[in-house]
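With chain A held as given, fit chain B onto it using these hints.
Line by line, the protein sequences are chains A and B. full-length UniProt numbering puts the first residue of the first sequence at 1, with every later residue one more than the last. full-length UniProt numbering puts the first residue of the second sequence at 1, with every later residue one more than the last.
Once the Cα atoms are required to be at most 35 Å apart in a straight line, the calculated DSBU-like pairs of lysine-lysine come out as:
(1) Lys282(A) <-> Lys140(A)
(2) Lys86(A) <-> Lys49(A)
(3) Lys140(A) <-> Lys49(A)
(4) Lys166(A) <-> Lys82(A)
(5) Lys353(B) <-> Lys334(B)
(6) Lys490(B) <-> Lys86(A)
(7) Lys490(B) <-> Lys82(A)
(8) Lys469(B) <-> Lys166(A)
(9) Lys469(B) <-> Lys86(A)
(10) Lys82(A) <-> Lys469(B)
(11) Lys282(A) <-> Lys166(A)
(12) Lys42(B) <-> Lys52(B)
If you anchor each label on the Cβ, the simulated ranges turn out as follows:
(13) Lys82(A) <-> Glu320(B): 41 to 47 Å
(14) Ser78(A) <-> Ala498(B): 37 to 43 Å
(15) Asp113(A) <-> Gln465(B): 30 to 36 Å
Honestly, the hints are just simulated from the structure, not real lab data. Here the structure is a predicted model, which is why all the values come from computation and not from measurement. We treat Cβ as the ideally placed atom computed from N, Cα and C, and that holds for glycine.
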Amino acid sequence: MPAELEPGGHESPEDAASPAHALELLCHLGPAAHGSTACVAWEPAGDGKRVISLADNHILLWDLQESSSQAVLASSASLEGKGQLKFTTGRWSPHHNCTQVATANDTAVRGWDTRTMSQIYCIESAHGQLVRDLDFNPNKQYYLASCGDDCRVKFWDTRNVAEPVKTLEEHSHWVWGVRYNHSHDQLVLTGSSDSRVILSNMVSISSEPFGHLVDDADLSDQEDRRPEEKSQEPPQDSVIATYEEHEDSVYAVDWSSADPWLFASLSYDGRLVINRVPRALKYHILL
Amino acid sequence: MKNDFRKMEDEMDRLATNMAVITDFSARISATLQDRHERITKLAGVHALLRKLQFLFELPSRLTKCVELGAYGQAVRYQGRARAVLQQYQHLPSFRAIQDDCQVITARLAQQLRQRFREGGSGAPEQAECVELLLALGEPAEELCEEFLARGRARLEEELRGLEAELGPSPPAPDVLEFTDRGGSGFVGGLCQVAAAYQELFAAQGPAGAEKLAAFARELGSRYFVLVERRLAQEQGGSDNSLLVRALDRFHRRLRAPGALLAAAGLAEAATEIVERVARERLGQHLQGLQSAFLGCLTDVRQALAAPRVAGKEGPGLAELLANVASSTLSHIKASLASVHLFTAKEVSFSNKPYFRGEFCSQGVRESLIVGFIRSMCQTAQNFCDSPGEKGGATPPALLLLLSRLCLDYETATISYILTLTDEQFLVQDQSPVTPVSTLCAEARETARRLLTHYVKVQGLVISQMLRKSVETRDWLSTLEPRNVRAVMKRVVEDTTAIDVQVGLLYEEGVRKAQSSDSSKRTFSVYSSSRQQGRYAPSYTPSAPMDTNLLSNIQKLFSERIDVFSPVEFNKVSVLTGIIKISLKTLLECVRLRTFGRFGLQQVQVDCHFLQLYLWRFVADEELVHLLLDEVVASAALRCPDPVPMEPSVVEVICERG
Chain A
1 MPAELEPGGH ESPEDAASPA HALELLCHLG PAAHGSTACV AWEPAGDGKR VISLADNHIL
61 LWDLQESSSQ AVLASSASLE GKGQLKFTTG RWSPHHNCTQ VATANDTAVR GWDTRTMSQI
121 YCIESAHGQL VRDLDFNPNK QYYLASCGDD CRVKFWDTRN VAEPVKTLEE HSHWVWGVRY
181 NHSHDQLVLT GSSDSRVILS NMVSISSEPF GHLVDDADLS DQEDRRPEEK SQEPPQDSVI
241 ATYEEHEDSV YAVDWSSADP WLFASLSYDG RLVINRVPRA LKYHILL
Chain B
1 MKNDFRKMED EMDRLATNMA VITDFSARIS ATLQDRHERI TKLAGVHALL RKLQFLFELP
61 SRLTKCVELG AYGQAVRYQG RARAVLQQYQ HLPSFRAIQD DCQVITARLA QQLRQRFREG
121 GSGAPEQAEC VELLLALGEP AEELCEEFLA RGRARLEEEL RGLEAELGPS PPAPDVLEFT
181 DRGGSGFVGG LCQVAAAYQE LFAAQGPAGA EKLAAFAREL GSRYFVLVER RLAQEQGGSD
241 NSLLVRALDR FHRRLRAPGA LLAAAGLAEA ATEIVERVAR ERLGQHLQGL QSAFLGCLTD
301 VRQALAAPRV AGKEGPGLAE LLANVASSTL SHIKASLASV HLFTAKEVSF SNKPYFRGEF
361 CSQGVRESLI VGFIRSMCQT AQNFCDSPGE KGGATPPALL LLLSRLCLDY ETATISYILT
421 LTDEQFLVQD QSPVTPVSTL CAEARETARR LLTHYVKVQG LVISQMLRKS VETRDWLSTL
481 EPRNVRAVMK RVVEDTTAID VQVGLLYEEG VRKAQSSDSS KRTFSVYSSS RQQGRYAPSY
541 TPSAPMDTNL LSNIQKLFSE RIDVFSPVEF NKVSVLTGII KISLKTLLEC VRLRTFGRFG
601 LQQVQVDCHF LQLYLWRFVA DEELVHLLLD EVVASAALRC PDPVPMEPSV VEVICERG
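Same shape as in the complex, but just chain A (with noise of 0.2 Å):
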């Protein structure tokens, strides 16, 4: 892959409808010397202003200055030992005043922290294989979900790496992609080369295990019908659908900024395909 990049737009799954823009160059991200790049990220608050790399074994923070026209090399960070040790994604977290990013390389996912430089977690081993995709819980620290070419997703802890919180098996080839829904975290999409897409609800590790919890005051007339509705156990963690419209592994999936309900995968036969939540189950999460 190339080594310069092109931060100028940032195209989202929606924009299919639009009559395409040209894409136009504002500037490099230095200069080439660091090996291919894996994977560009954008601070996720914040103006836009600040966006981290990874090439090879290097962790570059860039300043983009002048209207994004020029991009200098704030710090840099790289991983040392022995072989040849080539970070494959990384991700910046939403929580900590945006100081914290998580990168991933061979088997082991490291967090660093951004105003150091310096390395603040290893997961080592956190799957068998290759690690291929992270993702952070919008709504919750500390929270982590990976996955790898051991088919399997793992949700982590960080203050607490030597066991995933939990793990989930249903994918039987290599997961490419973990999202979580952006304000709904317990809704949780993975794409995977076995054509399929799933959606899961990982209620009992999400930021509401009970659901919502209405207020008494707010039972007027309906008071004889709540109670048998709300059980007082917390609902388990499910699969909520398999989709299955893909023909070729599926090697991206994504939650719409706009609908939080919306989202989308993409195969490597070139279909793009946007699905909703079940309704059923948007409403009981509303609700």
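The following block gives chain B in isolation, referenced to the frame of chain A:
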């Protein structure tokens, strides 16, 4: 007759007068002698009294003489006779003196008797006699009871100490049979004697006395049991049950005798409990023995698999190893069953107890031992599947294969055979729930399936790693024109063949789809058509150049989606299909991540053709291999900025050469 009568009458008259005279004379004599008669009677009375007095006066000296001579019985008799009289006349000073003397002597006598009793070396009947005499002397009974019991206790404690000494570390420890014999005859015999004598002597003491005896027996009995249990605990190491069973039998039998005598002391129940405990522990030991034997077998197998092959000598084949493991496990199980069976033999005294008839057979033997062992076998086998890390370095794959075949065999035949054998030998007589054969068979099958799936994954991973490295580390953009097939592909084919042979040793062939006659000559028509005519060209006339994507999509619609990690059947073809699917899918994904130059693409083409030539014969459905390899080449072509495929004939030449 008249004369006669007259004569008789005269005679009778004369008789009457004579009688009157006689009567008269007799009365006169009695009257005369009356006086004398009275005096003589008085004299006789006085004589008797004097004799008694003489006896009394002589009593002390007589008693002394008796005591000296040791004729205690006689002395006690004398004493008994005189006591009442002395008691009555003790206000008379002379009698008083005699009584005092007698008492002194009697006290001495009693003391001597006690002394004799205490020395105790004279054996039980003499002791009984002493006790009897002492009782007759009026000694308080509780004291005598206590002392009697204390005597008995001293003897029995000596026995116990002897037994304890045998338990000590000083060699050589006699075997358990001798121990129980000695304990039985020494201790239990002694206890019986003491109990019998006590009951005879102190029968008159009533329930209090019996209570004392029961307490005594319980206490000593419990100490005896403690020693017996310690000795039995030392036996735990041995695997031979016959000696143990005989010893337990003797022990139990012995304790049935005092059990009758000492019903209140509960010795017999305690003995039965001890026997039950020992039996349970033996069962536990047998289970452990079976488990360790199984693990030992597995270790041997691993060593045999890991041993370097000596040139010219074939190592043991997998089938042989499997047969060894199966037969040795079966023989261990049978040996355990046989030795445990001794516990329920007819001539053993405790085999009639309800525990041994019922719970021992069903829960102890069938459930804990047999079913427990089979379950632990399945668990051990499954633990190989869950080994940490997916590198699979610890467990040789051949072991996984062997274990899965073992479990499958168990499920089909062996489990039912073993359980039938158990049920025959141990007729179950109680209603406790037992695990049915079908449950165990289902568990064994599940274990076999998991092991086989894990084997497929591990072997698939090995080949996948090879393919992945080969794609990732090569520089595809600047590679030269391909002259031969890459070495890694040949290696893949070799490894697949080796796996095929290995699996074929243990599993049957399986079913394959019918092969078309020209299967090995098939070329990549989708790709090599240079994008202007697809396989489906005859069905519609293209007016514009078809997009390959559309073509391949249409093609995919008509073919089944390949499920890479589908469940594996128990035959060779299914296993190999699984492994090849995993490997080819890895190749596909890795190819999609690289960029290829023109010659890079051609190299991929050559490699895939080579693979297709050799891998089709391993899978159930050769279409699968074609499909996957087609995909690989098509993906490589999409990743190539300058795709120019090689001519099929050249590809074939290179493959045949390499």
